[in-house]
Amino acid sequence: MDGVVHRHTKPGTSPGSLSGRAPVPDEALDFTLVEYTPEKCEVLHGVEVDECRFHLDSPDRTWIDVAGRPSSEMLRDLGTAFNLHPLALEDVFHGHQRSKLDLYGNQGFIVLNDPAYEDGEIKLRQVSIFFGENYTISFHDHKLDIFKPVRDRLQMPGSRLRTFGIDYLVYALIDLVVDRKFPLIEALANQLEMLEDEALGHSEETTLGRIHQARRALVAFHRIEWAERETILAVMRPETPFIMPETRTYLRDCFDHAISVLELLESYREMCNGLMEVYLMQASNRMSEVMKTMAVITVFFMPLSFLAGIYGMNFERDVGNMPELGWKYGYEFFWVLVTVIVVGLFWWLRRKRWL
Amino acid sequence: MDGVVHRHTKPGTSPGSLSGRAPVPDEALDFTLVEYTPEKCEVLHGVEVDECRFHLDSPDRTWIDVAGRPSSEMLRDLGTAFNLHPLALEDVFHGHQRSKLDLYGNQGFIVLNDPAYEDGEIKLRQVSIFFGENYTISFHDHKLDIFKPVRDRLQMPGSRLRTFGIDYLVYALIDLVVDRKFPLIEALANQLEMLEDEALGHSEETTLGRIHQARRALVAFHRIEWAERETILAVMRPETPFIMPETRTYLRDCFDHAISVLELLESYREMCNGLMEVYLMQASNRMSEVMKTMAVITVFFMPLSFLAGIYGMNFERDVGNMPELGWKYGYEFFWVLVTVIVVGLFWWLRRKRWL
Amino acid sequence: MDGVVHRHTKPGTSPGSLSGRAPVPDEALDFTLVEYTPEKCEVLHGVEVDECRFHLDSPDRTWIDVAGRPSSEMLRDLGTAFNLHPLALEDVFHGHQRSKLDLYGNQGFIVLNDPAYEDGEIKLRQVSIFFGENYTISFHDHKLDIFKPVRDRLQMPGSRLRTFGIDYLVYALIDLVVDRKFPLIEALANQLEMLEDEALGHSEETTLGRIHQARRALVAFHRIEWAERETILAVMRPETPFIMPETRTYLRDCFDHAISVLELLESYREMCNGLMEVYLMQASNRMSEVMKTMAVITVFFMPLSFLAGIYGMNFERDVGNMPELGWKYGYEFFWVLVTVIVVGLFWWLRRKRWL
Amino acid sequence: MDGVVHRHTKPGTSPGSLSGRAPVPDEALDFTLVEYTPEKCEVLHGVEVDECRFHLDSPDRTWIDVAGRPSSEMLRDLGTAFNLHPLALEDVFHGHQRSKLDLYGNQGFIVLNDPAYEDGEIKLRQVSIFFGENYTISFHDHKLDIFKPVRDRLQMPGSRLRTFGIDYLVYALIDLVVDRKFPLIEALANQLEMLEDEALGHSEETTLGRIHQARRALVAFHRIEWAERETILAVMRPETPFIMPETRTYLRDCFDHAISVLELLESYREMCNGLMEVYLMQASNRMSEVMKTMAVITVFFMPLSFLAGIYGMNFERDVGNMPELGWKYGYEFFWVLVTVIVVGLFWWLRRKRWL
Amino acid sequence: MDGVVHRHTKPGTSPGSLSGRAPVPDEALDFTLVEYTPEKCEVLHGVEVDECRFHLDSPDRTWIDVAGRPSSEMLRDLGTAFNLHPLALEDVFHGHQRSKLDLYGNQGFIVLNDPAYEDGEIKLRQVSIFFGENYTISFHDHKLDIFKPVRDRLQMPGSRLRTFGIDYLVYALIDLVVDRKFPLIEALANQLEMLEDEALGHSEETTLGRIHQARRALVAFHRIEWAERETILAVMRPETPFIMPETRTYLRDCFDHAISVLELLESYREMCNGLMEVYLMQASNRMSEVMKTMAVITVFFMPLSFLAGIYGMNFERDVGNMPELGWKYGYEFFWVLVTVIVVGLFWWLRRKRWL
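Chains as they are written, first to last, in this note's numbering: chain A, 12 to 366; chain B, 12 to 366; chain C, 12 to 366; chain D, 12 to 366; chain E, 12 to 366.
Hints in this document: simulated from the structure, not taken from any laboratory. Mixed in with the good hints, there may be bad ones.
Copies of the same chain look alike in the list, so a pair counts if it fits in one copy or across any two.
To be verified - In silico DSSO-like cross-links for lysine-lysine, where the CA-CA straight-line distance does not exceed 27 angstroms:
#	residue 1	residue 2
1	Lys111	Lys51
2	Lys111	Lys154
3	Lys303	Lys21
4	Lys159	Lys21
Looking at chain A on its own, in the form it has when it is part of the complex (with noise of 0.2 angstroms):
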C-alpha cells in the first residue's frame, strides 16, 4: 500500500528535522538553471548550490530546477542557501506528501505528484515547487528531465512564458504535471479494456485479482488528482501572493484538466465495478452450466436405471410373474420403453429450455 506508512519519523521528533526516511541510493542531483528576462534567457546545466544562490539574488527571473531525491546533507545546504522553510524541506526529504499549496512568509510551496504506472500499482513521484517574487525552485523525484519541454518554451523570444512573470513558470509547471495524467489513465484504460475481454472470455483467478489491482489504483490515482485539485484551486485564491489575475485565467483552465481527470477517473472507476460483475455473472453462469448437465444427466438415467432394474429382479416366473420376461419381443419391448422414456424427457426438458 503505496509505502507511505513508511514515511514517519520517529513521533516526538523536531518538525523540519530531516531524518527517519529510509536511504536513498545516493545519486547526484542534478540542478538546471534558468535566468531569462523578457529579452534574453540562460540555461545553466549541473550548476553548484552557491552558483544558483548567487543567481537567486539577481533581479532577473531565475528557475531551479533538481532533479532527483536529495538527501538530508544536501537538503539541508540547499535549504540555507536558498532560504526554504524546515517544514517544507522535510515535506521535499520525505516525498509521498499529499498535495498542498503551503504559504511560508513571502515563499509559496506546493506539491504536486506525478505517478507513475507500474506492475499494475501507482507509485508516487513528488514535485515541489518553491516560488517568491522573481524565482521558481522545483524539486521531483525522478531523475528524468520531465520540464524540458517548459524550458523549451522559455527559450522561444516573444512566448508568453517569457513576456509574463514568474507566476506563469508556475502555471507552466503545474500544467504540465496535470497533463502528464492523461497519458498515465490512457494505460489505465487500455488495462481495462483487455481486462474486459478477459472476464467476457474464460480466464479464472488472476483475472479477478487483476481487476481489484486495477480498481485500487484507480482509488489511489482518484486521492491524487483530488489533492491536486484543491491544491490548482488554492494557488487560484486572490490572497496567493505573486499569482497575477491574467494568469488566474490560465490556471482555471488547468482546473478544469483536473477536473476532467477526475472524471474519466470516476467514469473507470465506474467501469471496474462493471467488470468485476460482468467476472461474477461470468462465474455464476459457468456454474449454472455445470448443474444444468448434472440435472439432465440425472433426469434422463435415473428412470432409466430404475427400468433396468426392474428387468433385473430375480421374481419366479413359474408362478407366472413378471411375464414380459417371456415374452418373445420382451427386450425389444425393453428398448422401445427406453427410447419412449428419452423422446418424452427430451421434449420435456426442451419445452422447460434446459436444452
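Assemble chains B, C, D and E onto chain A, guided by the hints.
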C-alpha cells in the same frame, strides 16, 4: 469510454495551442449570419469570415453560427477575426469539454453539450457559445442546422427574441440545447422498457450486457447534464456580464428544465439498477428450478431403484430366503409397493410445495 | 415512469408557449370564487372569467380556485384576465412540474403536488398557487373540491383565516396539500405490511415485483416531498413578498410536517429494502431446503443401493464365493445390515442437525 | 412503524386544533410545582391549574412539571392559563413530534424525546419544555417522575441550579433527557451481543428477524438523537433568548454527550450490518457443508455401484464371458477392488481437503 | 465495543460530578514538572500538588505532566489547586471522551486520544491538555512516559521549544500524539497483509472473523482521528487564545499529518473490503469445485451404471431376447461400449473445459 482520453495534447505544450487532436475529415464549415434589430432581421447563409467581421463591428445585434468541427487553421483565423481568447479556441478545437461558463475580459464563453445516443452509447457533440455586448458566435460539432427553430423565431417581427437584447438570444440557444435532451431521454426510456420485458422474459447474456451499457450511458448523460446545470446557474448569477435581470427569469425556467432532465435520469438509473436485480433474480430462479427438478427426480427414483435392487438380489430361495420372489403375486406386490412409495412421496412433496 | 418525459414541448419553441401537451378530454373547468374581509365572506360557484377579473380589482381579498386541467385557449384567456406570467402559465399547462416558488415581479407562483397512489404507482397531480397583495388564484389538476375544508373555515367568522391576511390563506392551502400526504403514506404503509406478510409466507414472483414497485413509488414520492420541503423553505424566507412574520411561524409548523413526511418515507424505504432482503433470504432458505432434502436422500439410498447391488452379483457360489447368499438367514442378515446403516446414518445426520 | 403515521389530523383542519388523536385512557395528570429563589425552594405536588397560574405571575422562578398525556380540554385550559402558543399545544397534544426548538414571541418551546425500548421496538415518549424569563413548564408523556433527580438537586441550597437562572434549569432538564439514552443503548448493546452469539451459533429464522428488528430500532433511535443534537445546537445559539453565556458552556457539554450517543449508535449499526454478514456467511457455510457431504457420498458410491452392477450382469459364462465370476476368489477379488477404490478416493479427497 | 457505554454517570446527576466510573486500581499518579524560560529549564519528577501550585504562580513557563488515571478525590484536589473547570475535570475523570477543544474563560482544554491496538481491538487512552498564558497541564491515562521526547527537546538550549512560547509546547504535545498513530497503522497494515495471504490461501472461519475485526478496528480508529483532525483545526483558528501565528504554521503541518493518517485509514478500509470480497470469492470458488467434481462423477457413472443395469436384466434368452449375453465376446463388447462412452464423455467435458 467516450473517447475523451484521446483529446489531450502532449503535456507541456503551450496552452491555447491548437494541435494534438486526431484530424477530422476536412469538411467545409457552414456559416450562418443573422443581423437583427427590433425592426429588421437579415439572414445570410454561407458567408465568409471577413464578411462576418464586418458585421460584428456594426452596431446591430449579430449572431454567427458555425456548423461542423473547424480545422486548426480555420479556427486560428476565426480567433483573430472575432477576437476570441486562445484558451476558449483550444476548447472549441478539442471538443469533448465539460460544460462551463468562462469569462474572458468582456466576452463570455459557454460550453454546452448536445449528445447523441447511438448504438447504446452517448456520443458527445459540443456546442460553444461566445457572447459580448451585441454579438453571439455559436459553434456546434454537428453539421445539422440545430438552431433553425431559434432563427425562425428571430425572423418573426415583435417576438421576444427581436425585442429583447442579445442575452435573450443566448438564453434561447441554451434553452434549445437543454430541451434537445428530452427526446434523447425518451429514446433511452423506450430501450429500458424493452430491456425490462426481456429481463422478465428469457433472453440471456446480451440482455445483461445491454442493461450494463444503458446504465453506463445514463451515468455519462447524468454527468453531462450535471455540468450543464452548473453552467446555467453560473450564467444566471448577477455577476455575469450582459445578462439582464428579465432574462434571468427565463434562465431560471431553463434551469428548472435541466433539473427535470437530471431527475428523470436519476429515475432511470434507479430503474436500471432495479432491472439488474430483476435479471439476477430471474437467473437465480431458473437455477432454483433446475435444482428442484433434479431433487424431485432423485427423491422419487432413488428409493425405487433401491427397491428394484432388493428384488434383484440372488439370495438362495431354497433355504427360505426372499419368499416374496416365489409369491404368486410377488410382481404385483412389487408394483403395489412402488405405487405406495410414489403416492407417498407425491403427497409429501406436495405438502412441501415442491410440486 | 411518471409520464414526465412526455411533457416536453418541441425543443426550440418559444418559452411560455402553450402547446405540445397531449390533449386532455375537454372538461369544463370549475371556478369557485371567494371574496372576503374580516367582516364578511362571499362564496360564488361556477363564476365566469370576466366576473373573476372584476373581483380581483376590488380592494377585498379574493381567492379564485380553478379545478381541472385547462386547455391552452382557456389558459391564455386566464393569463390575460389575471395578469399571469407566461412561464408560469406554461407550468400550469404542462403539469408534472417540480415543486417550486417563482417570483414574477409582484406576483408569487407556487407549484405543489398532491399525488395519488393508484395501482402501485404514484400519479402526479399538480397544484399551482398564484398570490399577490390581496388575491390568491389556485389551480389543481383534479376535479375534486380538495380545498373545501379551507373554504369552510373561511366562512367561519372570527377564524384566523378571516382575520389574518391573504398570506395566511396561502399558508392554509400549502398546509392542506402537505397534510394530504399522510393518508397516502398510510395506504403505502398498509401495502408494505401486506407485502411483509407475503415475503415471510410463500407467494412468489409477483411479490418481488410488488416490493420493487412499492420501492419505486416511495422513491418518486420522496422526490416530490423533497422539492415541496424546499418550496416551503423558500416561501418562509424573509425576502418572499406578502408573507408576514406571524404567518411564517405557521409555515414553520407546516415545514415540520413536510419533514415528518420525508422521515416517514425514509423509514418505509428502509423497511422496503429490508423486505427485499427478507424475500431473498426466504428464497435462499427454500433452495437450501431443497438441497438438503436431496442430500439426505442421496446419503441414505446410495449406500443401500450399493448393498443391494452386491447381493445382486452373480459370482458362482459353487466355488465358495458369496457364502452369504446361501445362509439360512441371509436375507434377514441383509435387512439387519440395512437397518444398521439406516440407524447409523440417521444418528449421524441428527448430530449434524440435518434432520 | 412507530405509530407516527396515525398522528395526523384530518388535512385542512385549522392549525393548533386539538383533535384527531386516538383518545388516551383519561388518566389524571400529575402536576408538580417548584418555586425557588437562590434563597428558598418550595415544592408542591398535585397542584391545580389555577394555583399554577398564580405562581407563574410571582417574581420567583417557577417550574411546573406535568406528567401524563393531557386530554384536549385539559390542554386547552393549560394553554389559556399559561399563555402557550396553539401550535406548540398541538405538538404537545399529538406527541411523536420531531425534536426541535420553536420560538413563539417571548417564549421558547423545546421538544425532546425519551424513547423506551420495548419488545425490540423503539417507543417514542415526548418531553416538551416551555420556558420564559422566569418560568419553565415541562410536559412528559410518561407518568414516571423522570425529573426527580433535578428536583432533588434544586432543593439543595447553594447548588448551581439554585444560584443560576431559569436557563440552567432548562439545561438540566435537557441534559437529563439526553443522559437517559445511555442505559437504553446499553440494553441495545446487550441484545446485540446476544444476537452475535446466536449468529455464530445455530439458531435460525428468528435470529435474522431479530437482527433486522435491532437494525430498525437503531435507525429509529439515530433519527431521534440526530434531531435532538440539532435542537441542542439551536438552544446554544446566541440568538436564543433567556440562555446566558455561562449556561452555554454547560449546553456544549450536553451537546458532546448527544454526539457520543450518536457515535455509539453508528458503531452499533455497523456492528449490526456485520452481524447480518456473519449470519449470511454461516448460512452459506452450512449449505456448502451439505453440498460437500452429498458430493463425497456420490463420489464414493457411484463407482462402487457401477462395479457391483458389472458383476450383476448376466453374460453367459459358458462361452467364456466374465471369467471373474468363476474364479475361486472372485468375491474376494471384488472386495479388494472396492477397497482399492475406496482408499484411492479417500486419498484423493484428502488431498483436495474435502475430508 | 470500546467500553464507551459504561462511562455514563447516572442521568440527572450534577454536571462536573466525579462519580459513576468503575474504580481504577488506585495507582499513585506520576507528576513531572518542567519549569523553563529561554535561558534555563528545570525538570522535577514526583512533585507534590502543592509544589505544582507554587510553580504555576511563577512568571516562568510551567508544564505539569500527570501520568495515570486519577481517582475522584485526587482530581478534585488538582482542580482546586490548578483552577480547572469542573466540566473539564469530569472529562478527564471518565476518559473515553471524543477529541475536542473547549475554552473555559482564559483556559484552553484539549482532549486527544492515543489509542492502543491490542488483541485486534482499539483501546482508547485519553490525553488531556490544559493550557493558559504561561502553563500547560497534561494528563494521560497510561503510566508510560509518552512525552519524554518533548521533555528531552525542551532541555536542549536554543531549541524552538525553549525560545517559542507555551503555545509551541502545546503544539509539540499534539504533534507527538498525532505522530504516535503511524506505528499503530503500520501494525494494522502488517496484519492486513497477513490476512490477505490467508484469504488467498485456505484458512477458514477465523480468517473472516479477523478481517471483520480489523475492519471494526479501522472504523473505530478513523472515528478517533476524524475528531482529532477537527480538534487541530479548532486549535488553529485565529480565535483560539494564546496560539501565536507562527505556531499556527506548525499546527498546519500537524494537521497535514492527521489527514495523512485519515487517508491511510481509508485506504486500509478499502483494502479490507477488498479482502472480504476475495475471501467470499475463494469460498464460492471452492463450492464450485465441489459441484463440478460431483457433476463429473455423475456424468460418467450414471450412463455406465445404466449400461451395466441393462445386461443385468433377466429377459429369457431362450426366446431370442438379449442375444448380446450369448455372444462369445459379449463381455468384451460391454467393455468396448464402456470405453467408448468414457472416451466420448471425456472428450465432451474437455471441450466444455470442465476437466
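For each hint, the structure was consulted:
1. Lys111 / Lys51: neither (32 angstroms within a copy, 38 angstroms between copies)
2. Lys111 / Lys154: Classified as within; 22 angstroms inside a copy, 38 angstroms across copies.
3. Lys303 / Lys21: This pair counts as neither: shortest intra-copy Cα distance 61 angstroms, inter-copy 52 angstroms.
4. Lys159 / Lys21: For Lys159 and Lys21, the Cα distance is within 27 angstroms only across copies (12 angstroms; inside one copy 38 angstroms).
Checked against the numbered hints above, the structure violates hints 1, 3; every other hint is satisfied.
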